[in-house]
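This is what each chain is made of:
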Amino acid sequence: MTIAAARLLWDGCVCFVGIGLPSAACNLARLTHAPEIVLIYESGTIGARPDVLPLSIGDGELAATAACVVSLPEIFSHYLQAGRVDVGLLGAAQVDRFGNLNSTVIGPYDSPHTRLPGAGGAPEIALHARQTFVMLKATPRSFVPTLDFRTSAGFLEGSGARARSGAPGGGPKCVITDFGMLAPHPHTQELQLAALFSGVGVDEARAAVGWPLSPGAHVGIIDPPEARELEILRDLQARTRAAHARPMTLPL
Amino acid sequence: MTIAAARLLWDGCVCFVGIGLPSAACNLARLTHAPEIVLIYESGTIGARPDVLPLSIGDGELAATAACVVSLPEIFSHYLQAGRVDVGLLGAAQVDRFGNLNSTVIGPYDSPHTRLPGAGGAPEIALHARQTFVMLKATPRSFVPTLDFRTSAGFLEGSGARARSGAPGGGPKCVITDFGMLAPHPHTQELQLAALFSGVGVDEARAAVGWPLSPGAHVGIIDPPEARELEILRDLQARTRAAHARPMTLPL
Amino acid sequence: MSTRFLSLADAVGEHVHDGACVALEGFTHLIPFAAGHEIIRQRRRDLHLVRMTPDLVYDQMIGMGCARRLTFSWGGNPGVGSLHRLRDAVEHGWPQPLQLDEHSHAGMAAAYCAGAARLPFGMLRGYQDTDLPAHNPRIRTVACPFTGQSLAAVPAINPDVTFLHAQVADRQGNVAVAGIIGAAREAALAAKLLVVTVEEIVDCLPPAMNGLLLPHWIISAVVHCPGGAYPSYAQGHYERDNAFYQHWDAIARDREGFLAWMGEHVLGQRDNRAFLSSLLVEAA
Amino acid sequence: MSTRFLSLADAVGEHVHDGACVALEGFTHLIPFAAGHEIIRQRRRDLHLVRMTPDLVYDQMIGMGCARRLTFSWGGNPGVGSLHRLRDAVEHGWPQPLQLDEHSHAGMAAAYCAGAARLPFGMLRGYQDTDLPAHNPRIRTVACPFTGQSLAAVPAINPDVTFLHAQVADRQGNVAVAGIIGAAREAALAAKLLVVTVEEIVDCLPPAMNGLLLPHWIISAVVHCPGGAYPSYAQGHYERDNAFYQHWDAIARDREGFLAWMGEHVLGQRDNRAFLSSLLVEAA
Numbered sequence: 165m166t167i168a169a170a171r172l173l174w175d176g177c178v179c180f181v182g183i184g185l186p187s188a189a190c191n192l193a194r195l196t197h198a199p200e201i202v203l204i205y206e207s208g209t210i211g212a213r214p215d216v217l218p219l220s221i222g223d224g225e226l227a228a229t230a231a232c233v234v235s236l237p238e239i240f241s242h243y244l245q246a247g248r249v250d251v252g253l254l255g256a257a258q259v260d261r262f263g264n265l266n267s268t269v270i271g272p273y274d275s276p277h278t279r280l281p282g283a284g285g286a287p288e289i290a291l292h293a294r295q296t297f298v299m300l301k302a303t304p305r306s307f308v309p310t311l312d313f314r315t316s317a318g319f320l321e322g323s324g325a326r327a328r329s330g331a332p333g334g335g336p337k338c339v340i341t342d343f344g345m346l347a348p349h350p351h352t353q354e355l356q357l358a359a360l361f362s363g364v365g366v367d368e369a370r371a372a373v374g375w376p377l378s379p380g381a382h383v384g385i386i387d388p389p390e391a392r393e394l395e396i397l398r399d400l401q402a403r404t405r406a407a408h409a410r411p412m413t414l415p416l
Numbered sequence: 165m166t167i168a169a170a171r172l173l174w175d176g177c178v179c180f181v182g183i184g185l186p187s188a189a190c191n192l193a194r195l196t197h198a199p200e201i202v203l204i205y206e207s208g209t210i211g212a213r214p215d216v217l218p219l220s221i222g223d224g225e226l227a228a229t230a231a232c233v234v235s236l237p238e239i240f241s242h243y244l245q246a247g248r249v250d251v252g253l254l255g256a257a258q259v260d261r262f263g264n265l266n267s268t269v270i271g272p273y274d275s276p277h278t279r280l281p282g283a284g285g286a287p288e289i290a291l292h293a294r295q296t297f298v299m300l301k302a303t304p305r306s307f308v309p310t311l312d313f314r315t316s317a318g319f320l321e322g323s324g325a326r327a328r329s330g331a332p333g334g335g336p337k338c339v340i341t342d343f344g345m346l347a348p349h350p351h352t353q354e355l356q357l358a359a360l361f362s363g364v365g366v367d368e369a370r371a372a373v374g375w376p377l378s379p380g381a382h383v384g385i386i387d388p389p390e391a392r393e394l395e396i397l398r399d400l401q402a403r404t405r406a407a408h409a410r411p412m413t414l415p416l
Numbered sequence: 116m117s118t119r120f121l122s123l124a125d126a127v128g129e130h131v132h133d134g135a136c137v138a139l140e141g142f143t144h145l146i147p148f149a150a151g152h153e154i155i156r157q158r159r160r161d162l163h164l165v166r167m168t169p170d171l172v173y174d175q176m177i178g179m180g181c182a183r184r185l186t187f188s189w190g191g192n193p194g195v196g197s198l199h200r201l202r203d204a205v206e207h208g209w210p211q212p213l214q215l216d217e218h219s220h221a222g223m224a225a226a227y228c229a230g231a232a233r234l235p236f237g238m239l240r241g242y243q244d245t246d247l248p249a250h251n252p253r254i255r256t257v258a259c260p261f262t263g264q265s266l267a268a269v270p271a272i273n274p275d276v277t278f279l280h281a282q283v284a285d286r287q288g289n290v291a292v293a294g295i296i297g298a299a300r301e302a303a304l305a306a307k308l309l310v311v312t313v314e315e316i317v318d319c320l321p322p323a324m325n326g327l328l329l330p331h332w333i334i335s336a337v338v339h340c341p342g343g344a345y346p347s348y349a350q351g352h353y354e355r356d357n358a359f360y361q362h363w364d365a366i367a368r369d370r371e372g373f374l375a376w377m378g379e380h381v382l383g384q385r386d387n388r389a390f391l392s393s394l395l396v397e398a399a
Numbered sequence: 116m117s118t119r120f121l122s123l124a125d126a127v128g129e130h131v132h133d134g135a136c137v138a139l140e141g142f143t144h145l146i147p148f149a150a151g152h153e154i155i156r157q158r159r160r161d162l163h164l165v166r167m168t169p170d171l172v173y174d175q176m177i178g179m180g181c182a183r184r185l186t187f188s189w190g191g192n193p194g195v196g197s198l199h200r201l202r203d204a205v206e207h208g209w210p211q212p213l214q215l216d217e218h219s220h221a222g223m224a225a226a227y228c229a230g231a232a233r234l235p236f237g238m239l240r241g242y243q244d245t246d247l248p249a250h251n252p253r254i255r256t257v258a259c260p261f262t263g264q265s266l267a268a269v270p271a272i273n274p275d276v277t278f279l280h281a282q283v284a285d286r287q288g289n290v291a292v293a294g295i296i297g298a299a300r301e302a303a304l305a306a307k308l309l310v311v312t313v314e315e316i317v318d319c320l321p322p323a324m325n326g327l328l329l330p331h332w333i334i335s336a337v338v339h340c341p342g343g344a345y346p347s348y349a350q351g352h353y354e355r356d357n358a359f360y361q362h363w364d365a366i367a368r369d370r371e372g373f374l375a376w377m378g379e380h381v382l383g384q385r386d387n388r389a390f391l392s393s394l395l396v397e398a399a
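Residue numbers (the numbering used here), protein chains in the order written: chain V, 165 to 416; chain H, 165 to 416; chain F, 116 to 399; chain Y, 116 to 399.
Be a bit skeptical, because a hint or two may be false.
Unchecked claim - DSSO-like mimics (lysine-lysine), calculated; alpha carbons at most 30 Å apart, straight line: (1) H/Lys301 <-> H/Lys337; (2) H/Lys337 <-> F/Lys307; (3) Y/Lys307 <-> V/Lys337; (4) V/Lys301 <-> V/Lys337.
To be verified - Over 10 Å on every C-beta distance to chain V, these chain Y residues come out as not near it, computed from the model: (5) Arg255; (6) Leu308; (7) Ala323; (8) Leu328; (9) Leu382.
Said to hold, decoys possible - Computed spacing ranges between beta-carbons, pair by pair: (10) Y/Ile316 <-> F/Glu315: 34 to 42 Å; (11) F/Leu395 <-> V/Ala325: 54 to 62 Å; (12) H/Ala371 <-> F/Val317: 56 to 64 Å; (13) Y/Glu397 <-> V/Asp215: 53 to 61 Å; (14) H/Thr229 <-> F/Gly351: 20 to 28 Å; (15) F/Gly351 <-> V/Pro199: 21 to 29 Å; (16) V/Glu321 <-> Y/Ile316: 30 to 38 Å; (17) V/Pro272 <-> F/Arg368: 22 to 30 Å; (18) V/His351 <-> Y/Arg385: 31 to 39 Å; (19) Y/Arg385 <-> H/Thr310: 36 to 44 Å; (20) F/Gly351 <-> V/Ala402: 32 to 40 Å; (21) F/Asp364 <-> V/Asp387: 31 to 39 Å; (22) F/Glu315 <-> Y/Ser392: 24 to 32 Å; (23) V/Met412 <-> Y/Asp125: 30 to 38 Å.
Treat the hints as calculated values from the structure; they're not laboratory data.
Nothing here was measured: the structure is a model prediction, and the numbers come from that model.
Virtual Cβ for every residue (Gly too), placed ideally from N, Cα, C.
Same shape as in the complex, but just chain V (with noise of 0.2 Å):
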């Protein structure tokens, strides 16, 4: 997963980044194909270039390596708002059939029965992002037929919904899973299936997702990890682990 989202990102682009998978994929394109991807990270942090994978989205890693550090009122509003962000990655709990997602809660909003995190800042990258990824691992309990709520819009109801709505960003572009991607269709903007990871059946990404799949117009098949990418990315990881378990001083 994280290696083909890696490589649907070109040099240069201005990404929004989350904690996480994304940011995995963020920085492995970074170290392969795309040295002049800009990084932003949600704390302010532009142009970071870690050497490790941060464990939260403000590790002092990113401020030590980043072009500049602004305040979050003005990533948001400056940057982000301001339509400057090419590509926002994103995670949830759940997706729904037309790319929208819920981070927020499982269950009714007044009686939860899964209290999430929350939106943090996905509602707005979702609306001004010139388009997003979407990266979460499919279960028919994580891609549903409907969400419990919406946290972040994707294309709404679909056939339009979402331009019509005034959204200035395009939306999601795809899905990123662990049986291969999902793309929405051109015209009713559902996600069908546009390409798996070899080895991986279609009957398998059906029984993954909980809304009857429909295959795209080409199911390609994603090459499979290069070499140099296992490695960079398997480095990358070796590292992080080590800086993440070292026991820290305490400030005393």
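For chain V, the structure is supplied; the task is to place chains H, F and Y on it using the hints.
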């Protein structure tokens, strides 16, 4: 005038300083009885301690000696508008009997006799500072019954009109001019003669004011400059003259 | 009119009252953990807590029963998972129900900015086509008086008191901050009272030029509190203890374990130095 | 996607068109004089000039007939007196009438902030009980959707192109700025195109941390132009030439003297280096 104005400022007070006489008065106060006065220039310098008086509101001397430099939007929104300024010092071309000020235009706005520089920070300084001190030389053309243009609000039509308008700041506490000081009447808020420089007569003051000037309940005599005040002011002015006349090496 | 220098116990004792609206800000970086612990020690109740990312510090305060209401935009353990005590309060009302005033980061940033500027509301292009406005009556709209466009509006946030942690103060009480600042400046300037804990106090700070400095005359109290951001970090002083953040997931997962840990390390310790020492003993 | 490095002549030639809305920002400090001179040399017409404090650079551009409209908040020679060419345009329509779009500093700051955030308007507590709204239909009010309070509203400023001057750029085109910044950041981010002239270009800038840095990917063109702020200044490079500001009062007082000076020192010189040399010759 400069010395009389400086004496009105107290140690630790937060002053929003305009250029010219106000800047001289504030720095004199800082160099005499108010070493901890906080000078804010609208250029964004907070806590400036200039060694020579700046010619402009944004000389490098201000930035280099300031505790910090913030943006102009921040100085106006987070400091002035937020009600953090104790004293605003204002100049103008005209003041009326209720302390309203004109620094925009003499004659009609659309076909002016004299186009003045305009508002700058004045309207909001006059609105938000806890109190303002107005400094300008008196002639019947500058102390007028009716302004050609109201750039900054004083007490409007007096008798509580300002408070009724909801203005957060307290309005003009006094007008310091070359014959002495005017202060608002406690109820009508009309500017009345509050004090004279020693050696100046009431008739002289009346002749310089374009409305029938009433004496306040007590008309005081302003103590003549002390030797120390004069010496420090003259040193400051001499340093300033020397600095501004120093030929600059062209950046070639 | 220099800032007052207080002990943390006195600063909390004087500035935090039951029922107050309290913001502890610092986005991942410079989180005022020691201040949160002292509020827990002094057993403040019914607080309206405000913070973009509640983090472990609010998990602790909520779990210890300090809060009745939470204004926030993302409530998780960053990179790890849930805040179990926050979840328990929302899902099961333990130790007491928690009213949520829920925003997005962009919305909360706008609300803090409005508070700092003493405007009654902030606006943004946001919340569009989401379910948040339906569950938060404090998200409304305002029409542009020039174009007629509809924008999202949120009420200003003006905490009764904001706590920050920072690297250094001078003897006059000016505070210099470097690194990731999040909405710390806006939360500081929006507050009625501002208390700052700092790693160190020096005689004199160099001119900050365009760096972030909080002038002494906007600060109510400065507290010398080395290590006051731990397990968060202070750029240039110590790093984030990512291992502790991961460890917290286990500590906070059940009520008993959580209460035992808080009893031993927070309630059972006099101050932040003792808190840190108690962790050192545990690790040894 | 690094920024393009251009000569000043090419940067102006490509980015400034007759009739465009152009902002040259820099509050007293870092005023892009060289850019203004080049716009005059290329004889641009009917510009909508935007600048909080028009200063000598707009006095020159207005006197040379570049402008049809001016958005501003204070139009004087700081600490000296009038801008005679600005006055002549407003009072007598010479060399052509000038439409004024007049604000206060606070109002214009709000308008730039709105522009930078791509909001359609900015708001403030301002203009209250003044005559400005009566003469500027772009000053309106907006009601708070929570409290009903009335606030002043101004439309966003989004220049077609903003010019700034700064101290230093790196080879990728990142620009670092230090010292008094006024509304330079907001004017830069509000613009459709951004051109920055700089004192020097270095291989690599140190991380700016919380300082002001304009990332290369928001900049249309960087121009290496030493002395490009003169007679304004560049903190750390050269000081403000206060004597020149005082001298300008005499130069600009009458039309003939002004035209002769501009002819000799601006139109008659190829570039900023030649402009500065011509002043040196005069002083000798």
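Going down the list of hints, with the structure as the test:
1. With a C-alpha separation of about 17 Å, the suggested pair H/Lys301 and H/Lys337 falls inside the 30 Å cut-off, and the hint holds.
2. Proximity of H/Lys337 to F/Lys307 is assessed by CA-CA distance (about 26 Å); at most 30 Å being required, the pair is judged to hold.
3. Of the pairs offered as hints, the one joining Y/Lys307 and V/Lys337 holds, with about 26 Å between alpha carbons and a cut-off of 30 Å not exceeded.
4. Distance check on the hinted pair: V/Lys301 and V/Lys337 sit about 17 Å apart at the alpha-carbon level, within 30 Å; holds.
5. For Y/Arg255, the shortest C-beta to C-beta distance to chain V comes to about 22 Å, beyond the 10 Å cut-off, and the non-interface label holds.
6. Listed as outside the interface, Y/Leu308 is consistent with that label: its C-beta sits roughly 14 Å from the nearest C-beta of chain V, beyond the 10 Å cut-off.
7. For Y/Ala323, the requirement that its beta carbon stay farther than 10 Å from each beta carbon of chain V is not met, with the minimum near 4 Å.
8. The beta carbon of Y/Leu328 is not kept farther than 10 Å from every beta carbon of chain V, the shortest such distance being approximately 4 Å.
9. For Y/Leu382, the requirement that its beta carbon stay farther than 10 Å from each beta carbon of chain V is met, with the minimum near 38 Å.
10. As the Cβ distance of Y/Ile316 to F/Glu315 is approximately 37 Å, the hint placing it in 34 to 42 Å holds.
11. The hinted window of 54 to 62 Å between F/Leu395 and V/Ala325 holds, with their beta carbons roughly 57 Å apart.
12. Checked against the hint of 56 to 64 Å, the C-beta distance between H/Ala371 and F/Val317 comes to roughly 57 Å, which is consistent with it.
13. Hint check: Y/Glu397 to V/Asp215, Cβ distance near 55 Å, so the stated range 53 to 61 Å holds.
14. The hinted window of 20 to 28 Å between H/Thr229 and F/Gly351 holds, with their beta carbons roughly 25 Å apart.
15. The beta-carbon spacing between F/Gly351 and V/Pro199, approximately 28 Å, falls within the hinted interval of 21 to 29 Å.
16. Range check, V/Glu321 to Y/Ile316: about 52 Å between beta-carbon atoms, so the 30 to 38 Å window is missed.
17. Separated by about 24 Å at the C-beta atoms, V/Pro272 and F/Arg368 satisfy the suggested range of 22 to 30 Å.
18. Distance hint check for V/His351 and Y/Arg385: the Cβ-Cβ separation is about 58 Å, which falls outside the suggested range of 31 to 39 Å.
19. Checked against the hint of 36 to 44 Å, the C-beta distance between Y/Arg385 and H/Thr310 comes to roughly 53 Å, which is inconsistent with it.
20. The hint said 32 to 40 Å for the Cβ distance between F/Gly351 and V/Ala402, and at roughly 27 Å that hint is violated.
21. F/Asp364 and V/Asp387 have their C-beta atoms about 36 Å apart, which keeps the hinted 31 to 39 Å range intact.
22. Against the hinted window of 24 to 32 Å, the Cβ-Cβ separation of F/Glu315 and Y/Ser392 comes to about 51 Å, which falls outside the hint.
23. Distance hint for V/Met412 and Y/Asp125: a CB-CB separation of about 53 Å, inconsistent with the stated range 30 to 38 Å.
Checked against the numbered hints given earlier, this structure breaks hints 7, 8, 16, 18, 19, 20, 22, 23; the rest are met.
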